[in-house]
Amino acid sequence: MKTGILSIGLVRGLLFQAAGFLAGVAVVTVIRLAFGMGFSAEPAIVLGAFFSAIGFMIGVGAFSGWFANALGKPAIPPEEVEEPSGFKRYLGVSYDHKVIGVQYGMLTIAALFLGGSFALIFRSELVAPGMQLIGLQQFNTLIGLHGMVAIVGMLLGGAALGNFLVPLLIGAKDMAFPRLNAFAFWLAVPAVVLVLSSMAAGGFDTGWTAYPPLSIFANMGMQLFFAGVVVFGWSSVLGALNIVATVLRMRAPGMSLFRMPIFVWGSLATSIIAMTATQLIGLSFQLVMFERLFGMGFFNPANGGNPILFQHLFWFYSHPAVYIFVLPGFAVISELLPVFARKPLFGYRWVAMSSLGIALVGFLVWAHHMFTSGMEEYLRVPFMYTTLLVAVPTGVKFFSWTGTLWEGKIRFTVPMLFVLGAMNVFLLGGLTGPILGTIPTDLHLHDSYFVVGHFHNTMFGGFVFPFIAAVHYWFPKITGRKMSDLLGRITFFILLPSFWIQTLGQMQVGLLGMRRRVADYDTLPEFQTTHIFITVAGFLVGLAFVIFMYNVIRSAMKGEVAVGNVWESRSPEWELLPNPAPKHNYPQPLVVTGDPYDYSLTDTEYVELVPVAGATD
Amino acid sequence: MNPNPRKILIASGNSLFGKGLMGLIAQRWKKDPPEIRLSRQMAETLEMMESWQPDLVIVDYDDTTIDRGEFLRSFVSGDQPMQVMLVSLQASGAVVVYDRRTLTPAQAEDWLSVPWVSPEEPDVSKEQRSSTMRHFVIAGILIVLVATIVYLLLNTIGILPAPASVEAGPIDQLFTAHFLAIAVLFALITVLMVYSMIVFRQRKGDNTPGRNIKGSTRLEIFWTLIPLVVVLYFSYLGSATLDRTNAQAPDALEVDVLGGQWYWSFTYPDWDITTNELWLPVDRPVLFRLRSADVIHSFWVPEWRVKQDLLPGENFVRELRVTPTEEGQFQLLCAEMCGVRHAYMVSPVYVVSQDEFNTWVNEQTQAIDLDPAARGQKWAQDAGCFSCHSIDGSDSIGPTWLGLYDSERELVSGETVEVDDDYLFTAIVDPDVHVAEGFRPGVMPQDYETRLTEEQIEDIIEFIESLE
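Residue numbers (our numbering), protein chains in the order written: chain A, 340 to 956; chain B, 138 to 605.
With the rest of the complex left out, here is chain A:
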């Protein structure tokens, strides 16, 4: 058994990433010198970035099985690989979907914490007009990184939930492709490192949307940002592919599509989007990267390009991306509501189909981000119609949730509090959507702080609240312990009101004429009071998140031991498995005998283990 710090996969990976980076820089430099050209930083850094990602993957050991195959040696099947015990198994390559889910989860929490911290830095700057704490370039870099790191965090969070839960919920032993699963996760790590390292290369002043021509002229940090996002895109596509395959091929006998736990529907819809749309953001960033490196005139009109083309490519992914975070969140809400309302999910089929409906319509609305962009006039009105159509399936979900609560027997556990909080916060985000969707009102609101308030509501209601609910709910399945109830309640009662203040404040200044992404508002000093409120509330949101993280760590080490079906759920992982869920999940295959959410019929069951052969005869 290896010991020492080099036995930790993550550490090896990061060392190899640094080595890969240097190798990339060396290759470009040697070639340039050979042709008599001097050193040039930008191509060296770009190649270094991609080499560094490959280096990380080699170092962490994500290629080991495939390398063995390539050399003609037998690769150990994923389910037979010996893995270190304890916390260490989370720091290296594991093929166990639950370990990978938790790894995703830890990276999610880290990314959200980091993204939030960036926000608090520039929020502090906005307490007063004028520049006090940081420079303009730093400010602009931070808003871009806040956006992208938080988005990456949420994408990781969706993957965390999908990886941990989907096999458990459908009664499978693991994902369809365990090796690919580990590969997809570990690819995300160097991607995050690359995105963050853009700070060290001068940052970038474009915001996370990176519109050219601005991004063509921006500092070198832009290229590292692009490289990080492109690498992360691969991770997303591969992870999504795996979930689609798992859902379609590995369900327990008797689990028809309409008897799947509703979370699985959400995960499937999300994965379909991620699998088919992510390429477009990768492509759009890659084209800007090439325009900078090779002078290819894609987007800069000075070189014959078209700046609006970028926006089409970018939003074709980046709008559906919103649903990639939000659909798993919705699915958590739909999954947990019946458990704590002690009542069937209202209109199961409609809720399931509305996920697919949102995924489908979500593909047809991207240009609503471009109503003021100067794209062809005749495109605006059709996109207004499709945009508002999204309200229909979203409404179906909302009404069905309300129907689920009606005449239930509601239990106010911590996960339920966060589910109700999610509904409440998302409601605010949903209601402020159509006003941005109709063109004339959007002409006023576009690129204002109102948009900032609106999408923070959708992101927190659609992802952050449900994610925290899910962590509280499934924590015993990970650690065998419960999370602290008291700390959970404290988190909730700090988070919800401060979040309301923050986003309502943002919407208010936006309506009154505050632009987004401005480092200073010296021309409109009357907004200062609201900005102080927003900043203080922002810090409280941060405090709530820190308490949540403390709760996770503390409870993992010395939380109350959780025995049995903690929440009296009908779901297979609670009905049939001990806490924590054992490796390879179910000891025998399970069979579906009822509906997943018949909480009102106490004498029925959703799933049963198939008795071991021989015992029946």
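Watch out, some of these pointers could steer you wrong.
[Unchecked claim] Derived lysine to aspartate or glutamate pairs resembling EDC-like cross-links, with alpha carbons at most 16 angstroms apart:
| # | chain 1 | residue 1 | chain 2 | residue 2 |
| --- | --- | --- | --- | --- |
| 1 | B | 144 | B | 172 |
| 2 | B | 351 | A | 934 |
| 3 | A | 922 | A | 418 |
| 4 | A | 748 | B | 343 |
| 5 | B | 515 | B | 409 |
| 6 | B | 515 | B | 574 |
Since the hints were made in silico from the structure, they are not lab data. Please read all numbers here as calculations on a predicted model, not as lab measurements.
Given the structure of chain A, go ahead and fit chain B onto it with the hints provided.
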């Protein structure tokens, strides 16, 4: 079903079930009543089926003391004609009839599996119906109340800046329509949620589940179609409003707007005036032609409501129509992230009476007669030079102009140059040829040769020379 059963056996542990049914049967066959027997226990039922041979057995579907498997075995084993009627009171009087001789395996399977409960018509006793009704009435009143309050609040607290253009009129009407929809939906969902949380919470010691409602296709269709109609209506409203804001006026005042990092420049082709402050006569339609010198910017005066991006490139000139209706000073903001100093890309907008506007035009057209250095200052101001070059000695994005003329400068390339007329001319029209130490190439726009005339550039150099 045998239309005229002679011997009926009622099997139920619940005595009310049997007695109630006996009454019903007696009413139905008044003239020729069949023989009815009651059985309260499973064993008794089986025994009577064997010995008495009834032609109809009515079984209480909700009676858990009846072992269905055993009952089924006994039922299919005999060869006398016999029918079974399953009656469930809990599932709103659902009835299933099976015949001994034609029973299929699928039917047997159904029989043994979970009780069949109609999702369409959940069991609603009178008492429950009235309590449901009461819940809906209270919630309904609260919804109307909350919706009204929210709507009034949104319309009275002044959440939009005072409108100052013709276009703002229809747009604000659309805002008001949205506020109504927001108020109603907010009240609807929030009241139902909060009401459920209070009224339908689980009390201490109560461990019963919630009511068995699995959904309602009718309701789901209802709340799919109604929102569909509403959003289509709003889309229609949106396009109608857009039409009104795009109305073209033939006598519009034309203004060419150029945005660059980080300045605004306005040209009035009618008088050949170029300035960095926007002056407009009130109540006259204006046609802005928008163009960017470098990256994407966006033209936004919040009081006018409308917004339009400025794109770089000859083929990407965009138009925006506004008719200012209020005199006063406003701010033109760049609303699209355009780089480091984006926050400071703000220009004053003066909307004045036609008379004042004429006076201003006269001043501008006569301004050209001043001395070269003063003209140069104006050209530099209009071209946005001062957003990067100060005249007070402090370097910002570019070098300060104070004391620049005749000084010695070190360049990025390492050489040292003396700042004279030739150097400055090159530095303005082709800024990347010589970049001063401490500054970056590619920052300064490269298009001043086309935007300024040679005379104007000479005036600017004259102005720089005057800054000792």
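Hint-by-hint comparison with the structure:
Between residue 144(B) and residue 172(B) the CA atoms are separated by roughly 5 angstroms; this keeps the pair inside 16 angstroms, and the hint holds. Between residue 351(B) and residue 934(A) the alpha-carbon distance is near 10 angstroms, which keeps this suggested pair within the 16 angstroms criterion. Only pairs whose Cα atoms come within 16 angstroms are accepted, and residue 922(A) paired with residue 418(A) is accepted, the gap being roughly 9 angstroms. At most 16 angstroms may separate the alpha-carbon atoms for a hinted pair to count; residue 748(A) and residue 343(B) meet this at roughly 9 angstroms.
A distance of roughly 14 angstroms separates the Cα atoms of residue 515(B) and residue 409(B); the hinted pair therefore holds under the 16 angstroms criterion. Using a Cα cut-off of 16 angstroms, the hinted pair residue 515(B) and residue 574(B) is violated, with the two alpha carbons roughly 28 angstroms apart.
The earlier numbered hint that this structure contradicts is number 6, and it is the only one.
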